[in-house]
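Start from the sequences and build out the full structure, keeping to the hints where you can.
If you want the building blocks of each chain, they are given just below.
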Amino acid sequence: DAGITQSPRYKITETGRQVTLMCHQTWSHSYMFWYRQDLGHGLRLIYYSAAADITDKGEVPDGYVVSRSKTENFPLTLESATRSQTSVYFCACWPWTPGNTGELFFGEGSRLTVL
Amino acid sequence: DQQVKQNSPSLSVQEGRISILNCDYTNSMFDYFLWYKKYPAEGPTFLISISSIKDKNEDGRFTVFLNKSAKHLSLHIVPSQPGDSAVYFCAASRDGSSNTGKLIFGQGTTLQVKP
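In the order they appear, the protein sequences are chains A and B.
Residues 34 to 148 in this note's numbering are what the first sequence lists, from first letter to last.
Residues -14 to 100 in this note's numbering are what the second sequence lists, from first letter to last.
No lab work stands behind these hints, which were simulated from the structure alone.
One or more of the hints may lead you astray.
[To be verified] Covered by chain A, according to a simulated footprint, are these stretches of chain B (three or more residues, beta-carbon under 8 Å):
1) 28 to 42
2) 66 to 79
3) 86 to 98
Virtual Cβ for every residue (Gly too), placed ideally from N, Cα, C.
Written out as structure tokens, the structure is:
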């Protein structure tokens, strides 16, 4: 099916461990984003990418690393997980067309718990 | 500093009545505003948007109003249906010529529509 898929959907890890959340789109949209959702904060942008090999920081990038070697994949890595990174993570892509300003397509989310 | 604020964490309305969800923003450079809807265990989905050059946009039961002088927007749902029960996020972008699709989200308002 066409769309954007995230894996794993649920993950429990321990403080200090490395965790990678995967994001794959079946389209070829240039822009991809990682957001985290936390109670009281809504959705906050972690990193985004304008194209393969082009990434930039969002509002809350500390503790995260991204890469984008292929247009369709945008993995998010927590190099040394902390409890404060317990959250629900959403990947999104943006089918840029003239007049489309911000209508993103989101994945179903990855719920990460850091113990 | 929260640039987009949804000050009501929750709202409960009766089926058939009007639901009004509010959103305030602080950055006068925002030029496009969106509402997203989110069901549990799913990613947010785009609902409706409005450009800063307009003060109203309507799509079926959903209408968004923008008051730029007050830096305030609202989403009206008429009539409300039980299937509208979800979390609603207000979002804003400041694209202008850059047009990156980056969004700033509010904290979200949980709407419950009672049968």
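Against the structure, the hints come out as follows:
1. 28 to 42: Answer holds; 6 residues pass the 8 Å Cβ test.
2. 66 to 79: holds (count 3)
3. 86 to 98: Coverage by chain A holds for the region 86 to 98 of chain B (8 residues, Cβ < 8 Å).
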